[in-house]
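Those protein sequence lines, which keep their order, are chains E and F.
Sequential numbering of the first sequence, starting at 1, is according to our numbering.
Sequential numbering of the second sequence, starting at 1, is according to our numbering.
Any given hint could be a false lead.
To be verified - Using C-beta positions, here's what the derived DEER-type ranges look like: (1) F/L21 - E/F80: 53 to 61 Å; (2) E/L148 - F/P76: 28 to 36 Å; (3) F/L7 - E/M114: 54 to 62 Å.
Keep in mind the hints are simulated off the structure, nothing from the lab.
All C-beta atoms in this analysis are idealised placements derived from N, C-alpha and C, irrespective of residue type, glycine included.
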Amino acid sequence: MTQRTVEHQHPLSARSSVPRGRLARTALTAGFVLSVIVVVTVPLYGAYAATGTSAGTLETLAKWAPLILLGFGLNLLMSFIAMGIGTVAGVGLGIAQVSQVSWVRRAAWAATEMFRNTPTLILLFMAMFLLPFELRFGDLVIALPPWLKAILGFSLSMMAYVSEIVRGGLQSIPTTQWEAAEALAFTRRDTLRLVIIPQCFKQIMITSTPLASILGVHEGLTITRSAISAEGQPELLAPFYLFLLALFFVYSYPISLWTLRLERRYAIKH
Amino acid sequence: MTDASTLPIVRIVDVHKSFGLVPVLQGVSLDIARGEVACIIGPSGSGKSTLLRCINALVPIDQGSILIENEEINTPSLDKLTLRRKVGMVFQQYNLFPHRTALQNVMMAPIHVLKQDKASVETRARALLKKVRLEGKEDSFPGELSGGQQQRVAIARSLAMNPKVMLFDEVTAALDPETVKEVLVTIRELAEEGMTCVLVTHEMGFAREVGNHVYFTDKGKIVEHGPPAEFFANASHPRTREFLNQIL
Chain E
1 MTQRTVEHQH PLSARSSVPR GRLARTALTA GFVLSVIVVV TVPLYGAYAA TGTSAGTLET
61 LAKWAPLILL GFGLNLLMSF IAMGIGTVAG VGLGIAQVSQ VSWVRRAAWA ATEMFRNTPT
121 LILLFMAMFL LPFELRFGDL VIALPPWLKA ILGFSLSMMA YVSEIVRGGL QSIPTTQWEA
181 AEALAFTRRD TLRLVIIPQC FKQIMITSTP LASILGVHEG LTITRSAISA EGQPELLAPF
241 YLFLLALFFV YSYPISLWTL RLERRYAIKH
Chain F
1 MTDASTLPIV RIVDVHKSFG LVPVLQGVSL DIARGEVACI IGPSGSGKST LLRCINALVP
61 IDQGSILIEN EEINTPSLDK LTLRRKVGMV FQQYNLFPHR TALQNVMMAP IHVLKQDKAS
121 VETRARALLK KVRLEGKEDS FPGELSGGQQ QRVAIARSLA MNPKVMLFDE VTAALDPETV
181 KEVLVTIREL AEEGMTCVLV THEMGFAREV GNHVYFTDKG KIVEHGPPAE FFANASHPRT
241 REFLNQIL
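Just chain F, same shape as in the assembly:
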């Protein structure tokens, strides 16, 4: 038990991925500990989102190794469904199911994938919606909710599967500045409860405050990384400095 909890929950070793002839990841390695909040930053096209998608096998990798709780996912015998029960994902465009209400969106996967009892799932789903401060919106359809509200439903939907790791793919990039905050507050609460979170983000302030470790990617490689205080103060690589100067 102690062994398992000291091992990194996500271990990425020398991962390579190309789309056709375009190399997107060129030897990425990183470890994420249980309960850690890892923030991946970098210019667009640097492979951040692809890296995130590799972690739950939405994108298969060409070479290298990804271990989730010490289980290799780069293998033909991978049970993707088991993996995805452990790894939740929230998308930039929320991707809620527009024909189902907020509550139904949260309930669908536990009922149909985990085959859990409907009544208990509903109790939990209502609790989750309350947790993301959407009490009273249970019966609203996604089209009736603001972007920030939809994104919080998406977070609740993912949490309903009781994942061990949550992946956030630029979840605030499509939101207006006012609603960014409500989503970030939700993620911060999750992090404080000890959920392992991997975020691809442009919210430097958030990365600095909530992140435990910041990774800077460029051209498919991790150029530099470190705890946020150190990283933002002393980034030494010229590419990192250039990026931070532009964005801060």
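Same shape as in the complex, but just chain E:
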């Protein structure tokens, strides 16, 4: 009786003597420390490089930093909410894309294609200008403030991307897996839940996490630009944008680390 013990290891986890959990935590901590250093030093360096008289620039940056940070925070909040809504709706839509009922499948496909191929900016404008400022159901009035509309706009885009990723993931599983589950009398729902989705979970997670960083860019950028033009000092350009860059780095670096960790955790043995 031959026993083939094949260890499929991710090239990035070659340092296998260190337990995976600890390795990931160490990397994460190191990343954060690095990021904080970058956040602090880069603008300072930028300020020196740009003017030589650092005091004035730094003061200006310090004056505007809270607002930029607020804008950035708003950014994050909005993108997280949009990601939440978009992911939930997208998973549903993605599963609907492989439905056995043809009209459900087609409708889901059409919705996905429409929102995926429309630029996010257009979706955002549509949400902003086509949705009313409030919804009335008899006596019930639901206000739709601009930030909510923006979240809806982002969610539609996110939903369409997630839908497509989920569909691709589901269809990447060989039909023999469906057949095996079918022959064991699994319902279609159980087949998806217990057999198909767990196998493509890894792929779905890995492809969808970088999306999170794409959706977070707008608000902070706008405020930074306004701040620079309000001050009217072109030499502020470099330090302000470097500051923003550093902020985004702090935001997206953990996401990419997390993606790597997921990739390792869900490396399925075949």
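Given chain E, put chain F in place with the hints provided.
Only chain F this time, still in chain E's reference frame:
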């Protein structure tokens, strides 16, 4: 009770099936008695595997009748899930669930389909793995097992549903010669315990030794059939003789 046990457990009457314009089954009829081991042999493309897949409704038939324990399966009102609890199937490529261990593969269907108690399912699953001689491999993932071991897990997984009939679709075709034997030994033991088995196979030796009845299919029809001793000695149809000459 005596009535039910004397009736054939699988009765196939004049079954026709086409894939698009290609006819695959053109009027197949056969009866399989309870506890019988039926072997279906024939050249590739003759419809053997399709016939097997029709028995558990993985492939719907165009015309004809298939009765499992006297229940018609060629009807729109068929409850496929009930049927598949009675009819287990093992595939050529094992088709184990790669994200679950051997033990979990065996336990999944009884827990989620039959809604049985987890603890008792686990006891039974361990016993089944022991029965197919895979004691100690309970926690291995399919990717860590050899082909023969995976195929035996697949057999245990199917048995866990307590089927009345087991279908084997060229289950040794993907294995290397050494591991073919361990799988065949397992099937032989099942047959000896009285399990009704329908095998599509190229293992003529196995068909001769373990089979009760051999069916030869060609171009979607059963050309010739009989008990193995008779069949292998006196096959008379020219197509059967040609096939047997090539393979033996």
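* To do: May I ask which of the numbered hints given earlier this structure violates, with the numbers listed in increasing order?
  => When the structure is compared with the hints, only number 2 turns out to be violated.
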